[in-house]
Amino acid sequence: DTGVSQNPRHKITKRGQNVTFRCDPISEHNRLYWYRQTLGQGPEFLTYFQNEAQLEKSRLLSDRFSAERPKGSFSTLEIQRTEQGDSAMYLCASSLAVGGTEAFFGQGTRLTVV
Amino acid sequence: AQKITQTQPGMFVQEKEAVTLDCTYDTSDPSYGLFWYKQPSSGEMIFLIYQGSYDQQNATEGRYSLNFQKARKSANLVISASQLGDSAMYFCAMREFPTSGTYKYIFGTGTRLKVLA
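Residue numbers (my numbering), protein chains in the order written: chain H, 1 to 114; chain V, 1001 to 1117.
By construction, these hints were calculated from the structure, which means they are not laboratory data. Source: prediction; values computed, not measured. Please note that a few of the clues may not be correct.
[Unchecked claim] From chain V, some residues computed to sit far from chain H (all C-beta separations above 12 Å):
| # | residue |
| --- | --- |
| 1 | Ala1018 |
| 2 | Asn1058 |
| 3 | Arg1063 |
| 4 | Ala1071 |
| 5 | Val1078 |
| 6 | Ser1082 |
[As the list claims (entries may be wrong)] Now the stretches of chain V that chain H is said to cover, found in silico as 3 or more residues with beta-carbon under 8 Å:
| # | region |
| --- | --- |
| 7 | 1020–1030 |
| 8 | 1103–1111 |
Positions of the beta carbon are idealized from the N, C-alpha and C atoms, including for glycine.
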């Protein structure tokens, strides 16, 4: 297993368009997290899944954002009607569902809305 | 509510010297974990070290050690013998281990470390 994989690595889109990002976690990890990171800031929590269940969503996740994890494997994050303020790095991480374990991060998808 | 505070936006250290990056946290849960991550300019988040709230000894991983002072709610990262490749952003993070509730990781705003030759 080569770690958490995110696609695409970069995405440039016009304002108002929809975009979808994909995250493939480490295969035995049943927790999957999405974070957003803007320049010079720490990652901000968006949502997380345990297996296929979405257990928590941040208030940052407006109704234009939706995330899914069908079958508890890969996950997608969709942003509808993108705005310039959505420009950021979107990070995916996965972890085991036991205490004391670190989250492993993918390399992120950098979104630029023009 | 969980909170992580990193008060040093930027730090400089001479190559081969040690440096301490500060982190304080706030939580009402007695069971939690503290993590440090490194983020080079390439963007990936690299896990460095972990400390559990009930661990009696400070965590160490190679040149990294965590100075855990539970009463002060601080979890400072010490990097010994700094190398040029240590230049990066460093993030402190926390995850509570409640019997029910959230399992999310909360991150600080980071410290940018520059190692000077």
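Taking the hints in turn, this is what the structure says about them:
1. Ala1018: holds, 24 Å
2. Asn1058: holds, 15 Å
3. Arg1063: holds, 18 Å
4. Ala1071: holds, 21 Å
5. Val1078: Holds, since 19 Å exceeds 12 Å.
6. Ser1082: holds, 22 Å
7. 1020–1030: violated (count 0)
8. 1103–1111: holds (count 8)
Against the hints set out earlier in the document, a violation occurs for number 7 only.
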